[in-house]
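Engineer: Going down the list, the sequences are from chains A and B.
The first sequence begins at 4 in my numbering and counts up one residue at a time.
The second sequence begins at 30 in my numbering and counts up one residue at a time.
Don't read these hints as lab results, they were simulated from the structure.
Keep in mind that the hints are not guaranteed to be accurate.
If you want a taste of the chain A side facing chain B, the calculated C-beta under 7 Å gives, among others [unchecked claim]:
| id | residue |
| --- | --- |
| 1 | 4 |
| 2 | 6 |
| 3 | 20 |
| 4 | 21 |
| 5 | 27 |
| 6 | 29 |
| 7 | 30 |
| 8 | 32 |
| 9 | 35 |
| 10 | 44 |
| 11 | 49 |
| 12 | 53 |
| 13 | 54 |
Ideal Cβ positions, reconstructed from N, Cα and C, are used throughout, including at glycine.
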Amino acid sequence: MAADDLDGDGKADLVVGAGSGSQVRVLRGTDLAALNDFFTFGPALPGGVFVG
Amino acid sequence: MRLFAVGADAGAAPLVNVYNTDSSLRFSLLPYAPAFQGGVRVATGDVTGDGVEDIVTAPGPAPCRTSRSSTAPRAPRLLSFLAYGGFTGGVFVAAGDVTGDSHADVITGAAVNGHVKVFDGATGQEIQSFLAYGGFPGGVSVAAGASPATAAPTSSPARRPTAMSRSSTGQTGAEVRSFLAYPGFPGGVFVGAGDLDGDGRADSSPARGRGPARTSRSSAARTWPC
Chain A
4 MAADDLDGDG
14 KADLVVGAGS
24 GSQVRVLRGT
34 DLAALNDFFT
44 FGPALPGGVF
54 VG
Chain B
30 MRLFAVGADA
40 GAAPLVNVYN
50 TDSSLRFSLL
60 PYAPAFQGGV
70 RVATGDVTGD
80 GVEDIVTAPG
90 PAPCRTSRSS
100 TAPRAPRLLS
110 FLAYGGFTGG
120 VFVAAGDVTG
130 DSHADVITGA
140 AVNGHVKVFD
150 GATGQEIQSF
160 LAYGGFPGGV
170 SVAAGASPAT
180 AAPTSSPARR
190 PTAMSRSSTG
200 QTGAEVRSFL
210 AYPGFPGGVF
220 VGAGDLDGDG
230 RADSSPARGR
240 GPARTSRSSA
250 ARTWPC
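Pulled out of the complex, with its shape left as it was, chain A reads as follows (with noise of 0.2 Å):
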């Protein structure tokens, strides 16, 4: 996971990267509403992601 202020709006939001499968969601770090979510590699990566 990593955490950057990816919205602009001064504080930090999270990006978390799945276990398995390459899902990657970008949550805004106030709320946790899901700004994005896709699969960086497709969803048939037979490990996790690392993300930073």
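Using the hints, position chain B against chain A.
Structural biologist: Quick look at chain B alone, frame taken from chain A:
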């Protein structure tokens, strides 16, 4: 310019996708040989000081034949070094400006002994080394959060009876705070650091992992410009 990177875990080619803040794909790179399938741990930080974050990678657990080139033409390698000499364990990685020179440095966490190191991002020179959990034999994941003066590597055990997070100052390794992120949880913890409440100081964001750390074959940390 802020970016974030996603690296494939074990079982796939060592692919890294790099994204802009709006989640649009900026570019992809292959930091290690395509046959290496031990996973890639990633971090982003402005190593070059040009205002654009760069990519830092470290290999996960599997035999690693080091590669000298990248298939991504926009991503020549800046630096490559063995974070733990002949150590054959996996490495977690983070990036943050520990030295205060406006260039991101590289923070590594070994797969055993909770061994954390900090390297100058420009030269690869080791500038700090400490055991985040004295006597703890397991691995340690790391993060670095910007605060007004310095960066603070945050360490968490990847194998420990309790899910404890620990924050240390980047300059001395002295403990700032230690807490149980998930009381009673026996698995490992991955961490991130960012200013969640907007007070100008990084906060710790632990996330539960799957448990035991595994052994690996290489500790080659690498940095890539954007």
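Engineer: Against this structure, judge whether each hint is valid.
Structural biologist: Against the structure, the hints come out as follows:
no.	hint	result
1	4	holds (5 Å)
2	6	holds (3 Å)
3	20	holds (6 Å)
4	21	violated (9 Å)
5	27	holds (6 Å)
6	29	holds (6 Å)
7	30	violated (11 Å)
8	32	holds (5 Å)
9	35	violated (11 Å)
10	44	holds (6 Å)
11	49	holds (4 Å)
12	53	holds (5 Å)
13	54	holds (5 Å)
Consistency with the previously given hints fails for numbers 4, 7 and 9, ordered from lowest to highest.
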